[in-house]
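A.B. asks: Listed below are the residues making up each chain.
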Amino acid sequence: MNVLRFTTAGSVDDGKSTLIGRLLYDSKSVFIDQLDAVAASSKRRGTELDLSLLTDGLKDEREQGITIDVAYRYFATPKRNFILADTPGHVQYTRNMVTGASTADAALILIDARHGVVEQTRRHSFIAGLLGLRAVVVCVNKMDLVDYREPAFTKVCEDFEALRKAAGLPEVHFVPLSALVGDNVVDASGRMPWYQGPTLLSLLEDLEPIEPAAASDFRFPVQLVIRPRTSEHHDFRGYAGRVAGGRIALGDFITVWPEGIEAVVNGIYLGSQKLQTASYGQSVVITLDRDVNVARTSVLSAGSQPKREASLKARLCWLDSKSHQPGLRYEFRAPGGQGQAMIAEVAKVLNLDTLEYELGDGSLGTNQIAEVVLRCAQAPTTEAYSDQRIMGGFVLVDPVRGATVAAGMIQ
Amino acid sequence: MKEQPSFLDELEAEAIFVIREAYAQFERPTILFSGGKDSIVVSHLAQKAFAPAGIPFALVHVDTGHNFAETLEFRDRYVKQIGAELIVGSVQDSINRGTAQEEQGPLGNRNRIQSVTLLETIDRERIDCLMGGGRRDEEKARAKERFFSHRDAFGQWDPKNQRPELWNLFNGAKQPGEHFRVFPISNWTEMNVWHYIRQEGIELPSLYFAAPRQVIWRNGSWLPVSDFISLRAGEVPITKTIRFRTLGDITITGGIESDADTLDSVIAEVETLRQTERGNREDDKRSESSMEERKKQGYF
Ligand SMILES: Nc1nc2c(ncn2[C@@H]2O[C@H](COP(=O)(O)OP(=O)(O)OP(=O)(O)O)[C@@H](O)[C@H]2O)c(=O)[nH]1
Ligand SMILES: [Mg+2]
Numbered sequence: 238m239n240v241l242r243f244t245t246a247g248s249v250d251d252g253k254s255t256l257i258g259r260l261l262y263d264s265k266s267v268f269i270d271q272l273d274a275v276a277a278s279s280k281r282r283g284t285e286l287d288l289s290l291l292t293d294g295l296k297d298e299r300e301q302g303i304t305i306d307v308a309y310r311y312f313a314t315p316k317r318n319f320i321l322a323d324t325p326g327h328v329q330y331t332r333n334m335v336t337g338a339s340t341a342d343a344a345l346i347l348i349d350a351r352h353g354v355v356e357q358t359r360r361h362s363f364i365a366g367l368l369g370l371r372a373v374v375v376c377v378n379k380m381d382l383v384d385y386r387e388p389a390f391t392k393v394c395e396d397f398e399a400l401r402k403a404a405g406l407p408e409v410h411f412v413p414l415s416a417l418v419g420d421n422v423v424d425a426s427g428r429m430p431w432y433q434g435p436t437l438l439s440l441l442e443d444l445e446p447i448e449p450a451a452a453s454d455f456r457f458p459v460q461l462v463i464r465p466r467t468s469e470h471h472d473f474r475g476y477a478g479r480v481a482g483g484r485i486a487l488g489d490f491i492t493v494w495p496e497g498i499e500a501v502v503n504g505i506y507l508g509s510q511k512l513q514t515a516s517y518g519q520s521v522v523i524t525l526d527r528d529v530n531v532a533r534t535s536v537l538s539a540g541s542q543p544k545r546e547a548s549l550k551a552r553l554c555w556l557d558s559k560s561h562q563p564g565l566r567y568e569f570r571a572p573g574g575q576g577q578a579m580i581a582e583v584a585k586v587l588n589l590d591t592l593e594y595e596l597g598d599g600s601l602g603t604n605q606i607a608e609v610v611l612r613c614a615q616a617p618t619t620e621a622y623s624d625q626r627i628m629g630g631f632v633l634v635d636p637v638r639g640a641t642v643a644a645g646m647i648q
Numbered sequence: 687m688k689e690q691p692s693f694l695d696e697l698e699a700e701a702i703f704v705i706r707e708a709y710a711q712f713e714r715p716t717i718l719f720s721g722g723k724d725s726i727v728v729s730h731l732a733q734k735a736f737a738p739a740g741i742p743f744a745l746v747h748v749d750t751g752h753n754f755a756e757t758l759e760f761r762d763r764y765v766k767q768i769g770a771e772l773i774v775g776s777v778q779d780s781i782n783r784g785t786a787q788e789e790q791g792p793l794g795n796r797n798r799i800q801s802v803t804l805l806e807t808i809d810r811e812r813i814d815c816l817m818g819g820g821r822r823d824e825e826k827a828r829a830k831e832r833f834f835s836h837r838d839a840f841g842q843w844d845p846k847n848q849r850p851e852l853w854n855l856f857n858g859a860k861q862p863g864e865h866f867r868v869f870p871i872s873n874w875t876e877m878n879v880w881h882y883i884r885q886e887g888i889e890l891p892s893l894y895f896a897a898p899r900q901v902i903w904r905n906g907s908w909l910p911v912s913d914f915i916s917l918r919a920g921e922v923p924i925t926k927t928i929r930f931r932t933l934g935d936i937t938i939t940g941g942i943e944s945d946a947d948t949l950d951s952v953i954a955e956v957e958t959l960r961q962t963e964r965g966n967r968e969d970d971k972r973s974e975s976s977m978e979e980r981k982k983q984g985y986f
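So the sequence lines, in the order shown, correspond to chains A and B.
Take any residue in the first sequence, note its place counting from 1, add 237, and you have its number in my numbering.
Take any residue in the second sequence, note its place counting from 1, add 686, and you have its number in my numbering.
So here's chain A without its partners, still in its complex pose (with noise of 0.2 Å):
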């Protein structure tokens, strides 16, 4: 992969925009008008340059000292180009955390090597293996304030393994850092001798977690029909769409969802090119050698069969500040499906303190993750979302208000 996505998450004040400041400061990816800057504000503040600043944009986080909302931030080193998100760690702000995760392949749990482990730990470990980041770096940060001894980082990693098992975490790694200081980040720390293993930045440039959809059977969630309605393209009917899963070619039989029809490629488009073959993650429009009825949500697919049912198990990540009761209708959205749906249980709530799933009273609350079974108007077309990120993912938008609510994973 030459580009990695990665997510920061942790407790409140445990370092997280601390360390991004230092990662980009370190690997020399900060502007000198925006370091003058953050110098400038870090004085006014009457603190030493305070590197948090160059994530913590928005006018309230400066003032309030925390981060209010994802920030994305861009650099390159010569070996892969890195686009992370610096979530918040706020529990008022978990669902901006899981917007900064969603589109990660990677997470850097942050924790305070004095405290360790304490609840939004916990929280965001589970949210980072619900939604399925295929590598963590657990970044036992603050050594500076336990005198850089070891014992403090075995400790916390030790305590760890049990909520890895518990959020199925799967690939995790650990470092020994200081954000403030800056050892072990980008450049090597001579105060933790015992301490062999590579630096925070070395081992984001090694990482390669493995992204199963792109290997799959092929999946092609259609977002509109291209018709040109020229003399030129009189009777072109092209379905525009971004490839889910799997790849496809020139000559290639799919089925069209939901009809279940079969059909043969005979075109495959980027702009004005035309393509042999369509990966997972490009976006090309697609041409078939006879007419059948596609429309936005209808999905092409080769291979397996993808999941054709209107009652689906998921686990359910409940966002919105107004809780979920029962009874109440939502709409479904994803990219094989779109439509009415309602909560026709809430099977289990997960309990952050025993780290067990328990049965609930029906309500979801905030911040709450469910096991559920969703009921949809109509069957969509989707995965399981541990195959595939892209068909397995939806959400839940409030009909009324256009809020989203909850953010879903199909089992």
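One should not assume that every hint holds.
[Claimed, not checked] List time: in silico BS3-like cross-link candidates among lysine-lysine, alpha-carbon distance up to 30 Å:
id : chain 1 : residue 1 : chain 2 : residue 2
1  : A       : Lys550    : B       : Lys982
2  : A       : Lys265    : A       : Lys280
3  : A       : Lys559    : A       : Lys296
4  : A       : Lys585    : A       : Lys402
5  : B       : Lys982    : A       : Lys296
6  : B       : Lys860    : A       : Lys280
7  : B       : Lys982    : B       : Lys846
8  : A       : Lys402    : A       : Lys550
9  : B       : Lys860    : B       : Lys846
10 : A       : Lys265    : A       : Lys316
11 : B       : Lys926    : B       : Lys846
12 : A       : Lys296    : B       : Lys846
13 : A       : Lys265    : A       : Lys402
14 : A       : Lys296    : B       : Lys860
15 : A       : Lys559    : A       : Lys585
16 : A       : Lys316    : A       : Lys280
17 : A       : Lys296    : A       : Lys280
18 : A       : Lys296    : A       : Lys265
19 : A       : Lys559    : B       : Lys846
20 : A       : Lys280    : B       : Lys982
21 : B       : Lys982    : A       : Lys559
22 : B       : Lys860    : A       : Lys559
23 : A       : Lys392    : A       : Lys402
24 : A       : Lys511    : A       : Lys550
25 : A       : Lys511    : B       : Lys766
[Claimed, not checked] Which bits of chain A does chain B cover? Going by a derived footprint, with three or more residues having C-beta under 8 Å, they are:
id : segment
26 : 263-275
27 : 293-299
28 : 330-336
29 : 382-388
30 : 510-521
31 : 587-600
32 : 619-631
Calculated directly from the structure, the hints in this document are not laboratory data.
Backbone N, C-alpha and C fix where the C-beta goes; we use that ideal spot for every residue, glycine too.
Fit chain B with the ligands to the supplied structure of chain A, relying on the hints for placement.
C.D. replies: Okay, now just chain B with the ligands, sitting in the frame of chain A:
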């Protein structure tokens, strides 16, 4: 056919996806066209997203009345060439009507009151979506913005209360009178934009390339001499070889000294620059949160 798509290909695919979503979800989606490189790139991507059909968006230009002559020529030529409708909102008209008031004082300019004209144009043309070339790497408040960014009936952005945006599921639901700003190239950097312009052979106004120009030194950058600025005491116009990194209102867009007069030399230069591209824009220097404040009031 390349097997491994490049980073630029990935950014392009993402932008095309976003542009198509805007078309699918809104009734009157448009492109905010400033004549600058970013809005030209968005227009190019929009053409690519719908080929072989034509570009289905009108281009909206907010005309401050203080333009580089070339920006207007380029704009008119460009809309003809791509076959798009052009909608112009005139700041002068807003001033004449009394809905906008010219800023007074030596630092006064028309940057802030553009928002008034923009919102009036949105109302008049019943626009419910404006796509723009805003990028998150431009400015710290922009770094916080969603791809689909909600605006209330007063055109205001509420940065403390943005909708969650999951995966590539963009939620364009809105109440009557509200609209969205959509940013297809959110994840691009200035460098990515330049590499893409070269890869695609996109034509740009010559203001981006170095040439001898009449300028004065004001607020730490070379400001072009035009009918719209009055010289202050001690300011002497001289001829300098400069180019512009961004294009905006001519009274506040400073240039940089440069010999880069070809695309390759501009790219080589941008690679070595240590200042952000908005560093030469007076509108951003006013206070620590000037961009955020303007965005809250409906600015792009
Ligand atoms: N001593 C020490 N202090 C640190 C370190 N990293 C961060 N801090 C301090 O911890 C405080 C919080 O840092 P932030 O970076 O704003 O924390 P955050 O995790 O981004 O907080 P939220 O975004 O609000 O969740 C600041 O005062 C930092 O200076 C570290 O390595 N050592
Ligand atoms: Mg922070």
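A.B. asks: Would you mind marking each hint as holding or not holding in the structure?
C.D. replies: Each hint, compared with the structure:
For the proposed pair Lys550/A and Lys982/B, the alpha carbon gap of about 40 Å is over 30 Å, so the pair is violated. For the suggested pair Lys265/A and Lys280/A, the alpha carbons sit about 21 Å apart, so the restraint of at most 30 Å is met. With a C-alpha separation of about 26 Å, the suggested pair Lys559/A and Lys296/A falls inside the 30 Å cut-off, and the hint holds. The hinted pair formed by Lys585/A and Lys402/A meets the criterion: a straight-line CA distance of about 19 Å does not exceed 30 Å.
Taking the CA atoms of Lys982/B and Lys296/A, the gap is about 12 Å. The hint holds against a cut of 30 Å. For the hint linking Lys860/B to Lys280/A, the alpha-carbon distance of about 42 Å lies beyond 30 Å, and the restraint is violated. A C-alpha spacing of about 11 Å is found between Lys982/B and Lys846/B, which places the hinted pair at or below 30 Å, so the restraint holds. The suggested pairing of Lys402/A with Lys550/A holds, with an alpha-carbon distance near 22 Å, which does not exceed 30 Å.
A threshold of 30 Å between alpha carbons decides the hint, and for Lys860/B with Lys846/B the separation of about 18 Å falls inside it, so the pair holds. Restraint check: the Cα-Cα separation between Lys265/A and Lys316/A comes to about 15 Å, which is no more than 30 Å; the hinted pair holds. A threshold of 30 Å between alpha carbons decides the hint, and for Lys926/B with Lys846/B the separation of about 44 Å lies outside it, so the pair is violated. Straight-line distance between C-alpha atoms of Lys296/A and Lys846/B comes to about 10 Å, which keeps the hinted pair within the 30 Å bound.
About 37 Å separates the Cα atoms of Lys265/A and Lys402/A, which puts this hinted pair outside 30 Å; it is violated. This hinted pair checks out: Lys296/A and Lys860/B have alpha carbons roughly 26 Å apart, not beyond 30 Å. At most 30 Å may separate the alpha-carbon atoms for a hinted pair to count; Lys559/A and Lys585/A meet this at roughly 19 Å. Restraint check for Lys316/A and Lys280/A: the C-alpha separation of about 35 Å exceeds 30 Å, so the hint is violated.
With a C-alpha separation of about 16 Å, the suggested pairing of Lys296/A with Lys280/A holds against the 30 Å cut-off. At most 30 Å may separate the alpha-carbon atoms for a hinted pair to count; Lys296/A and Lys265/A meet this at roughly 25 Å. Restraint check: the Cα-Cα separation between Lys559/A and Lys846/B comes to about 17 Å, which is no more than 30 Å; the hinted pair holds. Distance restraint check for Lys280/A and Lys982/B: the Cα-Cα separation of roughly 26 Å lies within the 30 Å cut-off, and the hinted pair is therefore satisfied.
Pair hint Lys982/B plus Lys559/A holds up; C-alpha atoms about 25 Å apart against a cutoff of 30 Å. At roughly 18 Å between alpha-carbon atoms, Lys860/B and Lys559/A fall within 30 Å of each other, so this suggested pair holds. Note on Lys392/A and Lys402/A: the hinted pairing holds, with a Cα-Cα distance of about 17 Å set against a maximum of 30 Å. Among the hinted pairs, Lys511/A with Lys550/A is inconsistent with the structure: their alpha-carbon atoms are about 40 Å apart, more than 30 Å.
Simply put, Lys511/A and Lys766/B have alpha-carbon atoms about 26 Å apart, close enough for the 30 Å limit, and the pair holds. Counting residues of the segment 263-275 of chain A whose beta carbon lies closer than 8 Å to any beta carbon of chain B gives 5, which meets the minimum of three for the stated coverage. Restraint check on the segment 293-299 of chain A versus chain B: 5 residues with Cβ-Cβ distances below 8 Å, three needed, restraint holds. Look at the segment 330-336 of chain A against chain B: 4 of its residues bring a Cβ nearer than 8 Å to a Cβ of that chain, three or more, so the hint holds.
Only residues whose C-beta sits within less than 8 Å of a C-beta in chain B count toward coverage, and the segment 382-388 of chain A has 0 of them, not enough to reach three; the restraint is violated. Only when three residues or more bring their CB closer than 8 Å to a CB of chain B does the claim for the segment 510-521 of chain A stand; here the count is 7, and the claim holds. Under the rule that three or more residues need a Cβ within less than 8 Å of chain B, the assignment of the segment 587-600 of chain A is violated, with 0 such residues. Under a criterion of three residues with beta carbons nearer than 8 Å to beta carbons of chain B, the stated coverage of the segment 619-631 of chain A is upheld, 4 such residues being counted.
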